[in-house]
Amino acid sequence: MRLKYTIPKDAAHSDSVTCVAWASSDHVISASDDHTVMKWNLLSGENTIHCKLPQELFPTHLARLSVSNPGSKNVPASDLFAVTSTDGKFYFLSHAGRIEKSVQAHKGAVLSGKWNQDGTAFLTCGEDGQLKMWSRSGMLRSTIVQLPQCVYAIAWGPDSDQILYTQGKLLVIKPLQPSAKEVSWKAHDGVVLKADWNQVNRLIVSGGEDCKYKIWDHFGRPLYSSAPFDYPVTAVNWAPGGDLFAVGSFNSICLCDKSGWSHALEKPSCGSIFDISWSNDGMQLAAACADGNVILAHCVEKRLEWCEYEVTLVSRKTVEVKNVANDAHDTLEMKDRVIKISLDYNYLIVITSTQCHIYSTNNFNTPAIFDLREGAVSFVQQAEKHFLLADKAGLYVYSYEGKHVCSPKLPSTVQVGSLTTKTAVISTDVLAIRDSKDEKVVFLIDAHTGKPYGGGHPMTHKIEVVQIALSMCGATSERHLALIDKNHDLYLTPVKSIGSGFKLNKLSNMVHSVQWNTTVNMLCALQDSRMLVWFYPSALFADKDILHHTVYEKDSSDLGKYPELCGYRDNTITLRRTDGSLVSVAISPYPSILNQLVSNNRWTEALTLCRFTKEKSLWACLAAMSLKEKDLNVAEIAYAAVGEASKVEHLNQIKGIASKPVQSAEMALFCGNAYEAEAILLQNNLIFRAIQLNMDLFTWERALDLAVKHKTHIDTVLGFRQVYLRKTHKPETSNKFKQYSQGVDINWKSIMSKIELEMQ
Amino acid sequence: MAEDALSKSGLHFDDLNKLRVLEPESAQQTGELKEECHEFVSKITEFQKIVGSFIDMTNELAGEVEKEKMKAIGYRNLLKSVAKQRDSQQQQLRALIAEKKTEMERLRLQHESLKKQEMEQAEFIEQFSTA
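Note that the protein sequences, when read in sequence, are chains A and B. Mapping the first sequence onto my numbering, position 608 (from 1) lands on 608, and the numbers just tick up by one. Take the position in the second sequence, starting the count at 1, then add 1000; the result is the number in my numbering.
If you are wondering where the hints come from, they were derived from the structure by calculation, not from laboratory data. Just to be clear, a hint being listed does not mean it is correct.
Capping the alpha-carbon separation at 30 Å, the derived lysine-lysine pairs in DSBU-like fashion look like this [as the list claims (entries may be wrong)]:
id : chain 1 : residue 1 : chain 2 : residue 2
1  : A       : LYS4      : B       : LYS1100
2  : A       : LYS422    : A       : LYS486
3  : A       : LYS9      : B       : LYS1115
4  : A       : LYS267    : B       : LYS1115
5  : A       : LYS614    : B       : LYS1080
6  : A       : LYS302    : B       : LYS1080
7  : A       : LYS9      : B       : LYS1080
8  : B       : LYS1008   : A       : LYS561
9  : A       : LYS738    : A       : LYS727
10 : A       : LYS302    : B       : LYS1101
11 : A       : LYS561    : B       : LYS1100
12 : A       : LYS616    : B       : LYS1116
For reference, chain B alone in the conformation it holds in the complex (with noise of 0.2 Å):
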């Protein structure tokens, strides 16, 4: 009955028969929850170090690709520019192939009317064998 008065003021008795403010119950509960937070709470930080540590790395990573990118796009820049400047480089190749052509045909030219000159000069000789 003694407990019960004890309880009424609010005190109670543990199984130590201590003194207790609160339910012997709610007190063990509450420790219980204490640990719980306190398990909680570092849970909580290491997920986020990793969290960190994860984020950390993705954006490391979404630089690298980044980088990846640029110089993937300056490479198919540069494949295009290739095209392109090989097109200037046939195209002066072109302009020289002309030039060279040109000149071939003066050479043939010549060539053909130094043969002409010698045909001549063969007839010549041949008269005088002949005569």
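Chain A extracted, bound-state conformation (with noise of 0.2 Å):
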């Protein structure tokens, strides 16, 4: 990715450019040291003189609320500019350029200003190293804190319940709760000249005198730090997306990931970079300038790969395709400048400002094109059918035809605009959303009909959920939820469960990320230095003791500290280190091939694939298989492959029940999973052998519960629990037992007679 940026020179200001921000999504008004504010439009490249300010008045920062109107589209919406400035107050500058408040606010220059999310409160730091809120009509609400030297920036938490501020050489991070403990840190070793602070990926970004950008999880953990600029760090701005940010120094401007590498770095000659502003859209940027000029630059040459597909984003409406295997060359343009583009599951989806193309990678003549209904596209997902489409609005879900499917509904606690691919995820049939708030919950909606999935309760899980992933292929009842918690415990779920008393189960723990194969459902998770493949993570279900041979360990530490997954198609696993390289990885085919050929009931094929591969980890995800099919003989093959002679006997002792009730519920016994076997046996009225395996496993209560519910048996339980207790010389303790030993008689003769009549 690169920046294109251009400098309009003719009518530049005649002093420093101190501040910018974006009015709409097409034009920028910057402040001046000489007075005037500018706006500049993006489309005609004209520049106009917006207002002139009072002399006194030296701009230090622009900060804008918008004031949607919803419900009237054509009316824009009526902004408000906040101007700080060096003589102690702030302004409040009408969207038509008329100045209609001057609220006298601290003493000395005031540094910067802040809108929270919601516009309903602003934040102020100034020289005399306070910080001040005011409410939306500028009426002093509170004085935060009061420091010893002057504060130069600030910054909103993500939920605007926290404040960042800069201290000297350290960074602080307030909670606006007043009982909650405040965080502070040397963050450089210079003066920090500017933080910020990304809505959607929490992440706070700062610059300083050191010459160095640094990045800084929201409890102020180091992430990464840069290498140093020959000037200081004058600007620091996080796109809207939290994808990407913009670093500003003398005569340089860097565009940087978020794991923070740097994408492109320039060099205009402007001398120092002031303020950064981006456009809602995260596309455009705007930055102002000390030598009166203001830099509008862009993101090109974005790039994506798919299959043999090469897609790359030449200009602001010059989309390009490359086939690789053949080398054709397609060039896609468009009306207006585009916003987002994604290439998966054969499709190619480009976003522009106000529509979306949908293209076929079989043709790239004839895209399927329908109108946005709101523009501003924050987030697209693709599955295998349909794509998910986000804005500020909403979430739709559209068919690859450029038909909408539906608009799922979600509660006002999910923010919809800042929705990232660890957050929500759609599947062939299902889409699940992590809420923004609690982030313990997590919304399950089908696809199709945008409806509640599974009676409509979301899951909760007990700790807050960091990411969610859907295994991608296959029916419904093969669809699985993987989530990673906030203890980076890995846990795994079927979908289906999922509502009526569901549990959760753990796959693995110090996981920090984790992806799904997008062709057959395999699971890739990258440990602290490891890379874990999970062959077939339904094991988990089958047979949790052959779970861990069925996973392929790969030491990972060659790929750096805590590499990032981009994706896993077919036996390519690529991943993205933090230096901002991808590496792919290639994982053994054998594993996909066994998936498809069980998921086609070739279990012969399947048996002689594992036998000319001689590999363990593929029998063992054959054992699981055949389990979870209820295929006894080759999972005795399996198993005895695995080397696991206990199973062996296990499934041979099943193999020989002749009943058939009986059979499955032994084999959901084998598999692990006593509430399924009791439900099978009572259901087929096998009510002495509920009972007893009730007895086996030692839950004596329930035990007795279905004894003394189905009238029959109870002497049974009783005397067993009696030589159980004998056993472990321990006294009766459960009030039940010695409830209903009274007037029970335990005769030996007429149990083993009556156990012997029900073994029959």
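Both chains are given apart, each in its own frame, so use the hints to dock them into the complex.
Written out as structure tokens, the structure reads:
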């Protein structure tokens, strides 16, 4: 990715530009020390003097408050700009350029001022070391902090309940609840000049006099520190989507990835860059230069790869498609500016500011086109048959023919504008979205109807969920949800079981990234310094003991610290190292072949494949698959190959059982699913076996309950309980047993004869 | 004798027998002096003229010299700043080179991993052709 920039030279400011802001998606306003505010039109390339400021007003920061008018699409939102100034005041500037109000705020200059997310509060910081909170109308609410030194930069936290400010070399996070503790840490070797906090990825970027920029998470842990620039970093700003940020310094502007490495560095001769502002769609930026110019730039050369296709956004409105297999080129010209591109499942989606174009990779000449409702699409994700779009107003599922499938209604706690691939996933039938407010909650939605999935209850985990992922292929019965929580534990659950007494099964721990294969249900996860691939994650529900055999482990220490999983397609895993380089890792093709054979019920070929490869992991996968499909013969062979003699014995025994329901109950038991086994037995009216099952599992009370409920074998349960207590030298503690043991005498002869009768 | 008497009363006759108050010799000398004086004055005037134009010319020259001097100083400074400019340009280019180098390193790593994958796949195919 690269920045393509223009510096409109003809009518620049006559003094340093100190701040810029976007007035709309095509207009930038800039304020300068020459007491003028200029408006730059990106479409026509014209610039006009927007308004003149009073002679004593030297602006320091422009903060835009967009007041949207829902319902009336044609009426432009009446924006309000807050201009902070060196005379200790801040001014409200109307959209038309009239000063509506001036408020005396600080002693000395006001250095920065920012609106919170919903525009209800305005925070200013000044040379007097104070941080002040103001109401929407400019009334002082409170002085938050009083420091002995001036505060250069402030930023609001993701949910507007925390603020970040600089204090010399320190960065401080202060929660707004009075009881919560603030976090402060030494961020730079020099004075911290600028800092910004992203709403979506919750990361902080800071720049300082030590000529470096650094990235921190919201606990203040360092994630990245750049190599020093030649001059101090004078501007840092996140793109709204949180995938990029821009860094400004003397004669240089740098476009960086969220993990810190730089996409591109540009060296315009424009003096120091005092301020950078991103447009809402995250594709354009404006920068304020010390020599009076304003740099207008947009991101180009975003490149996507899928199979043999390579898609590049070459300019604002042009997308180039290249097929590397046959060297075919296609150039797609759009009417409007391209905001997002996505390439997956044989379809290329190009989203412009007004329309959505869907190209099939078979034919790039005839796209399906539909008009967007709102325009500002913030998120796109593709599944096999449809794709998900998100804009400010809501979520939409569209088919690849461009037909609107559904618009899922979500609770208002989900901030649709800040969805990422980690918090929203779409599969062929289910859509999973993590709540933005209560991060423990995951909503599951039917992708065809937009209705809540599985009884309407969202899934609630014990602790905050960091990432969710859905398996992409196969029938709905094979849809699994993988999730990573705050403790970096990886859980797996079948989607269909969610809602009714589901339980999450832990698959692994210390996992920081996870990705499903797009063609076969295999799961890849990154552990501390290892990469794990579960060839058959459902083995967790078939036989836990054999699960560890089905995992492929690879040392990923050569991939550097905390690589990021980018994709897992066919037999290739793509990772991005922290230095930004893409690395692909090949995985053995056999497991996916095995998966496909089994899903087509070709067991003999599956066996042949396992015999040919002689790999334990493959045999283990086959064992788990055959258990799931209840193919005992194959399971026996597979377990024998894995070397689990006891399991083979057990299977043999199960095979010997004549009665079908008993056999399937035993199978369920074999998979460690006692609850299911009991249900099967009870369903088939095999009460004694159910009681015996509970006795074998030492769930005495349940056994007694069943016996009492069905009025049979109460004496048997009591008898065996007595034997058990005698053997373990324990007194009876259960009140239930005490109650029922009165008036029942245990006659072992009759018990034995009864049991014999039942077993026939 | 009469002449003496006349000269005593301060009267003289010249060669043309005209009555004169001054001695004819003095009168002659005075006349000569007057001539010479005239001559002197005119010469001086001419000299003054010449000197004036000389001064003008010198001044002009001085002005031009001054101008050239300033120009030379300007150029010298410019030269110095060119060196500085070159330095800053060099610095910028170096930064760009460093940027490109890191990008190249990224691509090299990607290339390496792809080569490794290719090798693995070739091995895999080899396995079949020998088996």
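Against the structure, the hints:
Under the criterion of a C-alpha separation no larger than 30 Å, the hint pairing LYS4 of chain A with LYS1100 of chain B is consistent with the structure, at around 16 Å. Restraint check: the Cα-Cα separation between LYS422 of chain A and LYS486 of chain A comes to about 13 Å, which is no more than 30 Å; the hinted pair holds. Straight-line distance between C-alpha atoms of LYS9 of chain A and LYS1115 of chain B comes to about 47 Å, which puts the hinted pair past the 30 Å bound. A C-alpha spacing of about 34 Å is found between LYS267 of chain A and LYS1115 of chain B, which places the hinted pair above 30 Å, so the restraint is violated.
Our distance criterion of 30 Å between C-alpha atoms is broken by LYS614 of chain A and LYS1080 of chain B, whose separation comes to about 76 Å. A threshold of 30 Å between alpha carbons decides the hint, and for LYS302 of chain A with LYS1080 of chain B the separation of about 42 Å lies outside it, so the pair is violated. Of the pairs offered as hints, the one joining LYS9 of chain A and LYS1080 of chain B holds, with about 27 Å between alpha carbons and a cut-off of 30 Å not exceeded. Under the criterion of a C-alpha separation no larger than 30 Å, the hint pairing LYS1008 of chain B with LYS561 of chain A is inconsistent with the structure, at around 137 Å.
This hinted pair checks out: LYS738 of chain A and LYS727 of chain A have alpha carbons roughly 18 Å apart, not beyond 30 Å. Only pairs whose Cα atoms come within 30 Å are accepted, and LYS302 of chain A paired with LYS1101 of chain B is accepted, the gap being roughly 19 Å. Between LYS561 of chain A and LYS1100 of chain B, the direct Cα distance comes to roughly 23 Å. Compliance with the 30 Å bound is thereby established for this hinted pair. Using a Cα cut-off of 30 Å, the hinted pair LYS616 of chain A and LYS1116 of chain B holds, with the two alpha carbons roughly 25 Å apart.
Hint violations for this structure: numbers 3, 4, 5, 6, 8, all remaining hints satisfied.
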